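*Asks:* Listed here are the chains, written in short residue letters.
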Amino acid sequence: MCNESSHDKHAFRKSRRKVLKGLAAGIGALALPATNASASVWEAFFQKNFRELNKTELNQVLARLEGEYSKEYGKQVTVKATLPIEGVKYGYGLDLSRCIGCRRCVYGCVEENNQSREPEIQWIRVMQLDKEKGVDLSHAEHYYNPPEVPQEGKFYMPVQCQQCENPPCTKVCPVQATWKENDGIVVVDYNWCIGCRYCMAACPYSARHFNWAKGKLPKEEMNPDTHYLGNRPRPVGVVEKCTFCIQRTREQPGRYPACAEVCPVGARKFGNMLDPKSEIRYLIENKRVFIFKEDLNTQPKFFYFYAT
Amino acid sequence: MKIYVWRCLSLAIGLVAFGAVVVYAAEVEKYFDRHGTLIVQEKVEKYKRRADEGTTYPVPPPPFSEDIFPCSDCHADMEPNPQRRELVDMHEDIVLNHAEGQRWCLDCHNLDDRDTLRLISGEVIPFTESYRLCGQCHGDKLRDWKVGVHGKRTGFWNGEKQYLLCAHCHNPHSPSFKPLQPMPAPVRPENLDRQGSQAAPTHN
Chain A
110 MCNESSHDKH
120 AFRKSRRKVL
130 KGLAAGIGAL
140 ALPATNASAS
150 VWEAFFQKNF
160 RELNKTELNQ
170 VLARLEGEYS
180 KEYGKQVTVK
190 ATLPIEGVKY
200 GYGLDLSRCI
210 GCRRCVYGCV
220 EENNQSREPE
230 IQWIRVMQLD
240 KEKGVDLSHA
250 EHYYNPPEVP
260 QEGKFYMPVQ
270 CQQCENPPCT
280 KVCPVQATWK
290 ENDGIVVVDY
300 NWCIGCRYCM
310 AACPYSARHF
320 NWAKGKLPKE
330 EMNPDTHYLG
340 NRPRPVGVVE
350 KCTFCIQRTR
360 EQPGRYPACA
370 EVCPVGARKF
380 GNMLDPKSEI
390 RYLIENKRVF
400 IFKEDLNTQP
410 KFFYFYAT
Chain P
2 MKIYVWRCLS
12 LAIGLVAFGA
22 VVVYAAEVEK
32 YFDRHGTLIV
42 QEKVEKYKRR
52 ADEGTTYPVP
62 PPPFSEDIFP
72 CSDCHADMEP
82 NPQRRELVDM
92 HEDIVLNHAE
102 GQRWCLDCHN
112 LDDRDTLRLI
122 SGEVIPFTES
132 YRLCGQCHGD
142 KLRDWKVGVH
152 GKRTGFWNGE
162 KQYLLCAHCH
172 NPHSPSFKPL
182 QPMPAPVRPE
192 NLDRQGSQAA
202 PTHN
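From first to last, the protein sequence lines are chains A and P.
The opening position of the first sequence corresponds to residue 110 in my numbering, with each subsequent residue numbered one higher.
The opening position of the second sequence corresponds to residue 2 in my numbering, with each subsequent residue numbered one higher.
Rather than coming from a laboratory, the hints here were simulated on the basis of the structure.
Only a predicted model underlies this, so the values are computations on that prediction, with no experimental measurement involved.
It cannot be assumed that every hint is accurate.
[Claimed, not checked] Just some of the chain P residues that point at chain A, by a computed CB distance under 10 Å: (1) D108; (2) G140; (3) R154; (4) W158; (5) M184; (6) P187; (7) V188.
[Unchecked claim] Taking lysine-lysine pairs in the DSS-like style, the calculated list, with each CA pair at most 30 Å apart, reads: (8) A/K189 - A/K164; (9) A/K157 - A/K189; (10) A/K240 - P/K142; (11) P/K142 - A/K396; (12) P/K142 - P/K179; (13) A/K164 - A/K242; (14) A/K180 - A/K323; (15) A/K164 - A/K180; (16) A/K189 - A/K280; (17) A/K386 - P/K162; (18) A/K242 - P/K142; (19) P/K179 - A/K242; (20) P/K162 - P/K179; (21) A/K263 - P/K179; (22) A/K289 - P/K162; (23) A/K325 - P/K142; (24) P/K179 - A/K240; (25) A/K263 - A/K240.
[Said to hold, decoys possible] Ranges of calculated distance between the beta carbons of each label pair, as one might list FRET restraints: (26) A/G262 - P/A77: 22 to 30 Å; (27) A/G262 - P/Q182: 12 to 20 Å; (28) A/Y415 - P/E87: 35 to 43 Å; (29) A/Y307 - P/Q182: 34 to 42 Å; (30) P/V96 - A/S206: 22 to 30 Å; (31) P/N192 - A/E195: 42 to 50 Å; (32) A/P193 - P/P81: 57 to 65 Å; (33) A/G262 - P/L107: 56 to 64 Å; (34) P/P176 - A/V345: 26 to 34 Å; (35) A/L405 - P/F178: 49 to 57 Å; (36) P/P176 - A/M309: 37 to 45 Å; (37) A/S206 - P/L97: 46 to 54 Å.
The beta-carbon is built from N, C-alpha and C at its ideal position, and this holds for glycine as well.
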């Protein structure tokens, strides 16, 4: 297993500065905070990469963010930075023989993860496909809306970040604002992301989403239990995606991801792939399993399976 | 496209231990072989209500409709009627649509104590263990259910879990899963207002 946090730490700052400089040269202006900006805006601007922060600095950053969010959303917001659990590699299973395409997972995710309601951002996309044609994306229907699902002759395939073991998205990031953690979750440091969207282009699953505007997130719907690398409110101009509900699943005991919890048919399975007694291991070893776009060698830790 | 992932998986994560789950499954598997055939007959034993009722697998309360349980509220004073017939005074809403040709209420419900269920072996079980009733004929599903693959477990992936009963998703009398109304479709890209400043996007 590769430990990416052991990279040369200075690389982050240097390369980000270089990119920003390049941008400035290209467009003639560097987007510096306005001169009347508050101290915390300046602090955020000069914040180091998440992986470079020492404990004191990290606590300062978390405290600053908690203060900002609590004020903005009018409630006590927690920003955790819980580390990966030793000996855990997360895996996800989705039973295509059960899923009925009801989209409860899509909205469960939006609520848990503080996605923007407008403009609409959804980390899960459900495709309706023809049983006869199988997983042939040229027939994928994203906007199906019949009175009832499942529809005769159709099956449904939800797609979200596949948490690749060999993620193409992280490799193209010019500032290393996105990386794979030791528990396998691919994360984004929203304070470091420069919004170039190379990662979005590199992702074969269209699982990354860009914040074009300051998203609307009603105060009363904001989930105050957040993680720095997960569901905390995102600034404008950064990329976001599914993190297997890092704010839930890294706890001990850790709840199931929100999408698995709301699924009314029990099609969504989650657990530790290194634990031979976990449901994810059982299904990988006993069921007919496939991974999406296998030929790209991205090695997803998201497994589609047929239980029947 | 349907490629099996053994190779990739073991490569990426270095999983081996193929036998482990089989052993594990065998440990919890008490009544059925892998084809769902009953292989161990249990002792016939009158079910006694215990304080730790239904501890085999922790489950949420069975999904009874209001005011129906305990059944003995009515049935305690009634003469049990084993006759197969059309019910008219009560339960007339219960229409069997579940291998109904060969079946009657008392294949599952206990004639002598309506607050319990009765297995083919004669063993009497509480409603909190109704999965065992279903497992008599759906052994493959029960086996998957026990490991959390069919049906659903709630709670903590690395801690305490609860198992939804088969009856939480399937009406035992008419068990096919009932269709649902889907939640709204996403906004089409051409209708997506990226700045989020204008009126509500159209769902269609």
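*Asks:* Are the hints correct? Go through all of them and say.
*Replies:* Hint-by-hint comparison with the structure:
1. The closest approach between the C-beta of P/D108 and any C-beta of chain A is roughly 25 Å, which is over the 10 Å cut-off, so the hint fails.
2. Residue-level restraint check for P/G140 is violated (minimum Cβ-Cβ distance to chain A is 14 Å; threshold 10 Å).
3. Hint status for P/R154: holds, given a least beta-carbon distance of 7 Å to chain A, under 10 Å.
4. For P/W158, the shortest C-beta to C-beta distance to chain A is roughly 5 Å, which falls under 10 Å, so the interface hint holds.
5. Taking 10 Å as the C-beta contact cut-off toward chain A, the hint placing P/M184 at the interface holds, the least distance being around 4 Å.
6. For P/P187, the interface hint holds, since its Cβ comes within 10 Å of a Cβ in chain A; the closest pair sits about 6 Å apart.
7. With 10 Å as the threshold, the beta carbon of P/V188 comes within range of chain A, its nearest partner Cβ sitting at about 5 Å, so the hint holds.
8. At most 30 Å may separate the alpha-carbon atoms for a hinted pair to count; A/K189 and A/K164 meet this at roughly 13 Å.
9. A hinted pair counts as satisfied when its Cα atoms are at most 30 Å apart, and A/K157 with A/K189 qualifies at roughly 17 Å.
10. A threshold of 30 Å between alpha carbons decides the hint, and for A/K240 with P/K142 the separation of about 23 Å falls inside it, so the pair holds.
11. Among the hinted pairs, P/K142 with A/K396 is consistent with the structure: their alpha-carbon atoms are about 13 Å apart, no more than 30 Å.
12. A threshold of 30 Å between alpha carbons decides the hint, and for P/K142 with P/K179 the separation of about 18 Å falls inside it, so the pair holds.
13. Taken as a hint, the A/K164 and A/K242 pair is broken in the structure, with Cα atoms around 53 Å apart against an allowance of 30 Å.
14. Distance hint between A/K180 and A/K323 is fulfilled; the C-alpha atoms sit about 16 Å from each other, no more than 30 Å.
15. The straight-line distance between the Cα atoms of A/K164 and A/K180 is roughly 24 Å, inside the 30 Å bound, and the hint therefore holds.
16. Among the hinted pairs, A/K189 with A/K280 is consistent with the structure: their alpha-carbon atoms are about 26 Å apart, no more than 30 Å.
17. Taking the CA atoms of A/K386 and P/K162, the gap is about 14 Å. The hint holds against a cut of 30 Å.
18. Among the hinted pairs, A/K242 with P/K142 is consistent with the structure: their alpha-carbon atoms are about 27 Å apart, no more than 30 Å.
19. About 25 Å separates the Cα atoms of P/K179 and A/K242, which keeps this hinted pair within 30 Å; it holds.
20. With a CA separation close to 25 Å, the supplied pair P/K162 and P/K179 stays within the 30 Å bound.
21. For the hint linking A/K263 to P/K179, the alpha-carbon distance of about 16 Å falls within 30 Å, and the restraint holds.
22. A C-alpha spacing of about 29 Å is found between A/K289 and P/K162, which places the hinted pair at or below 30 Å, so the restraint holds.
23. Distance restraint check for A/K325 and P/K142: the Cα-Cα separation of roughly 44 Å exceeds the 30 Å cut-off, and the hinted pair is therefore not satisfied.
24. Between P/K179 and A/K240 the CA atoms are separated by roughly 20 Å; this keeps the pair inside 30 Å, and the hint holds.
25. At roughly 5 Å between alpha-carbon atoms, A/K263 and A/K240 fall within 30 Å of each other, so this suggested pair holds.
26. At about 50 Å, the CB distance of A/G262 to P/A77 disagrees with the hint of 22 to 30 Å.
27. With their beta carbons about 19 Å apart, A/G262 and P/Q182 fall inside the hinted range of 12 to 20 Å.
28. Checking the proposed 35 to 43 Å range against A/Y415 and P/E87 shows it holds: the Cβ atoms sit about 40 Å from each other.
29. Distance hint check: the CB atoms of A/Y307 and P/Q182 are about 39 Å apart, consistent with the given range 34 to 42 Å.
30. The hinted range of 22 to 30 Å is satisfied by P/V96 and A/S206, whose Cβ atoms lie roughly 27 Å apart.
31. In this structure the supplied range 42 to 50 Å holds for P/N192 paired with A/E195, their Cβ-Cβ distance being about 46 Å.
32. Roughly 59 Å separates the CB atoms of A/P193 and P/P81, a value that falls within the hinted 57 to 65 Å.
33. With their beta carbons about 39 Å apart, A/G262 and P/L107 fall outside the hinted range of 56 to 64 Å.
34. For the hinted restraint 26 to 34 Å between P/P176 and A/V345, the CB-CB distance of approximately 50 Å leaves it violated.
35. Take A/L405 and P/F178: their Cβ atoms lie about 34 Å apart, and the range 49 to 57 Å is violated.
36. In this structure, P/P176 and A/M309 meet the distance hint of 37 to 45 Å, their C-beta atoms being roughly 44 Å apart.
37. Taking the beta carbon of each, A/S206 and P/L97 are about 26 Å apart, not inside 46 to 54 Å as hinted.
Hint compliance for this structure: hints 1, 2, 13, 23, 26, 33, 34, 35, 37 are broken, all remaining hints hold.
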